[in-house]
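**Q** Sequence:
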Amino acid sequence: METVAFTQMKDGTKAEYEMLTQLETDFAKELPDRILKCLRDLEHSLSGYKVSRLAHSLQTACRAEDAGADEEMVVAALIHDLGDEIAPYNHSQYAASILRPYVRPEVTWVINYHGLFQNYYYVHFFGGDRNERDLYKDHPYYESCVRFCEEWDQSSFDPDYPTRPLEHFEPMLRRIFTRPAFDQKYVGDQTMGRSALDQPVA
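The opening residue of the sequence shown carries number 509 in the numbering used here; numbering runs sequentially from there.
Keep in mind that the hints were calculated from the coordinates and are not lab data. None of the values given here were measured: they were computed from a predicted structure. Each hint should be verified, as a subset may be incorrect.
[To be verified] Cut-off 25 Å, straight-line C-alpha distance, at most; resulting in silico cross-link-like pairs (DSS-like, lysine-lysine): (1) Lys537 x Lys693; (2) Lys522 x Lys537; (3) Lys558 x Lys537.
[As the list claims (entries may be wrong)] Label pairs and their computed distance ranges (CB to CB): (4) Lys545 x Asp578: 19 to 29 Å; (5) Glu593 x Pro670: 19 to 29 Å; (6) Tyr557 x Val512: 40 to 50 Å; (7) Gly576 x Ala513: 47 to 57 Å; (8) Glu640 x Asp549: 22 to 32 Å; (9) Glu651 x Lys545: 29 to 39 Å.
Just so you know, even glycine gets a beta-carbon here, dropped at the ideal spot from N, CA and C.
Given the sequences, and given the hints that come with them, work out the whole structure.
**A** And the structure:
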């Protein structure tokens, strides 16, 4: 395989960076396959619940779809806990960062904060403030995140729920993650360095 000559980025040539850009573009096209693999790996992840993390993710996506959520939100529901494997203490931000180049800011915001909003259901047992989410009560996406957690996420640990398989969601996942990254048609007026996550809460 052709490689660059430089060992420090500052020494690279235009031709070398053009080659690297093409390789990166080709690699990005395989993103849906890598996400699907990560989802399958959740079958053997965090234990203790009545369902696997994959089953929980599928069930959350099913509930979102059954409630009439659009494809962006359904796919977000599907991958919302993808970070459990390698980002157990900031899994919400991990999943949000994957979504951010491909979906509207509302979806990214909901996934970014869903971990904090989920605290409402249990953190008081450990001396925490279950209402910490109310720091964001004036944010335009607050109610959307409350709904995500209440109706889809916290309720999706039921082994008897009629859960559709990963293959059902694969086409929509591929549609979302093969979009042009940071295309304003999908993500709105944001740049690679700024998004709704970075804006003031009020």
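**Q** It remains to establish, for every hint, whether it holds in the given structure.
**A** Hints, one by one, checked against the model:
no. : hint                        : verdict
1   : Lys537 x Lys693             : holds, 19 Å
2   : Lys522 x Lys537             : holds, 23 Å
3   : Lys558 x Lys537             : violated, 35 Å
4   : Lys545 x Asp578: 19 to 29 Å : holds, 25 Å
5   : Glu593 x Pro670: 19 to 29 Å : holds, 26 Å
6   : Tyr557 x Val512: 40 to 50 Å : holds, 46 Å
7   : Gly576 x Ala513: 47 to 57 Å : holds, 54 Å
8   : Glu640 x Asp549: 22 to 32 Å : holds, 30 Å
9   : Glu651 x Lys545: 29 to 39 Å : holds, 34 Å
Checked against the numbered hints given earlier, this structure breaks only hint 3.
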